[in-house]
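The end of the sequence shown is residue 757 by this note's numbering, with every number in the run present.
Please note that a few of the clues may not be correct.
Restraint ranges, calculated between C-beta atoms of paired labels, are given here [as the list claims (entries may be wrong)]:
id	residue 1	residue 2	range
1	T581	T734	17 to 27 angstroms
2	N680	A590	40 to 50 angstroms
3	K661	P523	39 to 49 angstroms
In case anyone wonders, no lab produced these hints; they're calculated from the structure.
These figures come from a predicted structure and were not determined experimentally.
We put the beta carbon where it would ideally sit given N, CA and C, even for glycine.
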Amino acid sequence: MRGIAYRHEGNIGKALVDFATAVQLAPEKLDARWPLALELENAGQHQASLDEYSEILRIAPDSVEAHIFRADVLTTMGRDGDALTEYQAASRIAPDDPGLLHLRMQFWFYQSEFEAVIRDADRWLSLKRSTSDGPDIAYALLWRHMAAKRLNVDDRDALESAKDKLGRNEWPYPLIQFALGEINETQLRAAAATGDPAKLKDRQCEALTSIGESYVAHHFEKIAEHLFSTALEVCPTTSIEHLLVTRELEQVEMRRTGKDL
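Put together the whole structure using the sequences plus the hints.
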C-alpha cells in the first residue's frame, strides 16, 4: 500500500486516502483497517478511528489490540468509563497481554488509582524485562515512579534497575537520574537540550513533564501548573505526555475549584 510510504513521508492526508481506498476495495480484510484506524487517531479524527476499531472487532472479535486501542482513543476523548469497559473486555481475553498492561497502567494514573499503576507496571516488567530494550523498561519504571511518589512509597531500588540496560548518554537516562535525585531541574533541562536535534522537542517535552510531576508530588501545584502549561505547548499532540499534562492540568483545576468551594 502506498499509504505506508505516505505515512513515512509525513503526508497524513494522502495516507488516509490510500488506506480508506484499500478498505473500500477489501472491506473484510484487516491489512488496511489497522493503519487507517491509527492514522485517523493521529489526525484527531477520534470517532472515525473508533468506528474503524469497531469494524476490526466485528471481523476479529477476539482482538485484544482493537479493544485496547479503542480504550486509548476513548481515554483521549475523556470517555474514561467507556475506556474502562474496553480494558475489561481485553482483560477477559488476555489478562497478561503486555500492550494491555502498559496502556492500562497509564489509564490508572489518570484515575488516581496509583496502586493499580504499580501493579500493572510490575506485571509488565515481570513479563518484558528480559526482552525489552532499555528505554522501554525505563519509561515503565518512570510511570511506576510517578505513582509511587503519590503514595509516598520508596521506589529507589526499582529505578536503579533501569540503569542496567541504559547507557549514560542514552535517553531517558537523565530522567531516571532526575527521579533518583542525582541531577537537579537545571541539569535535566540541559540534558534535554543536547543530542539529536530531531529529538530535542520530544526530550524537552518529557523533561518539562517530569519536572512538573515532581512538583505535584511535593504539592507545589502553582509551579507544576506553569510547567504543565509550557509542556502542553511543546509536546506533540499525539504524544503520551500531551495527554498526561492535559489530564494533570484538569486535576489541578479541579483541586483548586474544590478548595474554593
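Unmet hints by their number, sorted upward, for this structure: Nothing - there is no hint that the structure violates, so all of them hold.
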